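Q: Now for the letters of each chain:
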Amino acid sequence: MVSHEQLRTIRNGVAIGVATGTYGVSFGALSVAAGLSLPQTCALSLLMFTGASQFAYVGVVAAGGSALFGSLTAALLGTRNGLYGLHLSRLLSLRLGRRAVAAHFVIDESAALSLAGRTEPLARLGFWAAGLSVFVCWNVATVVGGLGATLLPDPEALGLDVVAPAAFIALLAPRLVSRLTWLVALIGAAVALVAVPLTPPAVPVLLSAAAVVSLALVGKTAEGQQTAPEAGGRA
Amino acid sequence: MTAWLGIIVGAACCYLLKLAGMSVPRPVVEHGRTQLVAALLPVGLLAALAAVQTFADGENLTVDARVVGVACALVAVALRAPFLAVVAIAALATALTRSLL
Numbered sequence: 001m002v003s004h005e006q007l008r009t010i011r012n013g014v015a016i017g018v019a020t021g022t023y024g025v026s027f028g029a030l031s032v033a034a035g036l037s038l039p040q041t042c043a044l045s046l047l048m049f050t051g052a053s054q055f056a057y058v059g060v061v062a063a064g065g066s067a068l069f070g071s072l073t074a075a076l077l078g079t080r081n082g083l084y085g086l087h088l089s090r091l092l093s094l095r096l097g098r099r100a101v102a103a104h105f106v107i108d109e110s111a112a113l114s115l116a117g118r119t120e121p122l123a124r125l126g127f128w129a130a131g132l133s134v135f136v137c138w139n140v141a142t143v144v145g146g147l148g149a150t151l152l153p154d155p156e157a158l159g160l161d162v163v164a165p166a167a168f169i170a171l172l173a174p175r176l177v178s179r180l181t182w183l184v185a186l187i188g189a190a191v192a193l194v195a196v197p198l199t200p201p202a203v204p205v206l207l208s209a210a211a212v213v214s215l216a217l218v219g220k221t222a223e224g225q226q227t228a229p230e231a232g233g234r235a
Numbered sequence: 236m237t238a239w240l241g242i243i244v245g246a247a248c249c250y251l252l253k254l255a256g257m258s259v260p261r262p263v264v265e266h267g268r269t270q271l272v273a274a275l276l277p278v279g280l281l282a283a284l285a286a287v288q289t290f291a292d293g294e295n296l297t298v299d300a301r302v303v304g305v306a307c308a309l310v311a312v313a314l315r316a317p318f319l320a321v322v323a324i325a326a327l328a329t330a331l332t333r334s335l336l
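Protein chains in written order, with the numbering used here: chain A, 1 to 235; chain B, 236 to 336.
Read the hints as simulated data drawn from the structure, not as lab findings.
Hints are supplied without guarantee of correctness; some may be wrong.
Said to hold, decoys possible - Taking CB as the label site, the calculated pair distances span:
# : chain 1 : residue 1 : chain 2 : residue 2 : range
1 : A       : Leu96     : B       : His266    : 20 to 26 Å
2 : B       : Ser258    : A       : Leu46     : 20 to 26 Å
3 : B       : His266    : A       : Arg98     : 25 to 31 Å
Computed from a predicted model, the values in this text were never measured in an experiment.
Glycine included, C-beta positions come from ideal geometry on N, C-alpha and C.
Can you build the whole structure from these sequences, using the hints too?
A: What follows is the structure, encoded as structure tokens:
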């Protein structure tokens, strides 16, 4: 028998997947417009499978940065998935083999739906419902967006080059929950802009990351205690 | 070929970070600094990426049609528009500005 709560969790997972699919269409279109091939675009969605990192990789490569700088930026943005994993490992209590499979599906959406589950079985169901549904929708949407963009004559004329910065702002907004997060966002943007004329492409963003990490490490512990309860992952 | 290498390396790093999170011993997890860094790093990075991709043209800073699109995206986000609407409004505003300039 499937309980009412189980059904609702599955339904939420499917809804999250469909919503994320719209984001996947814009990723596929942007990636192809930025010069990656359709197979490369699909490989990012299949293998990297974490939205912000994928947008960052494509953005860095399109701006003339090297592929390795792109992957470094993508990895830095992926660190938050590690944090979700920390919470999830306790919740899901998986053996090594299953953990290796489950790890691929640790993303904002699966972490959020899992943390919303009131009991351990519901948390597990939420993780898999959101993880698998987003995986399917995200990859289908990537193909659709990528194919769409290959048919477009001139991506810049359609304003597709602002899809990435607009996406970053939409991803950033729900994280701006305190004065400290606003400060960090402003410092990150300022450091990067100052560095643009002085360093090769992709280095400015890495300098911002270094500034933010040192700020977090040097800042007073009192501030850390105020901002610790977070990780309400969205998109 | 290097594009494929970057994709594979990037994907491997992202996967290993996910796996590492699920495998790290508890004391490291509960350390306040670890949580603070992991919470703040995406904030700083997303802001930096948005700023650079709005104002940078190679190694120069410029103000062009992208600024109009990103400004519209900021307004849309402030009005709590859904993700696809934010992105579509930004692209449309940029395209319109380009056709007028």
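Q: Evaluate each hint against the coordinates.
A: Comparing the hints with the structure gives:
Distance hint check for Leu96 of chain A and His266 of chain B: the Cβ-Cβ separation is about 24 Å, which falls inside the suggested range of 20 to 26 Å. In this structure the hint that Ser258 of chain B and Leu46 of chain A lie 20 to 26 Å apart at CB holds, the actual value being about 23 Å. Evaluation of the 25 to 31 Å hint for His266 of chain B and Arg98 of chain A yields a pass: the beta carbon distance comes to about 27 Å.
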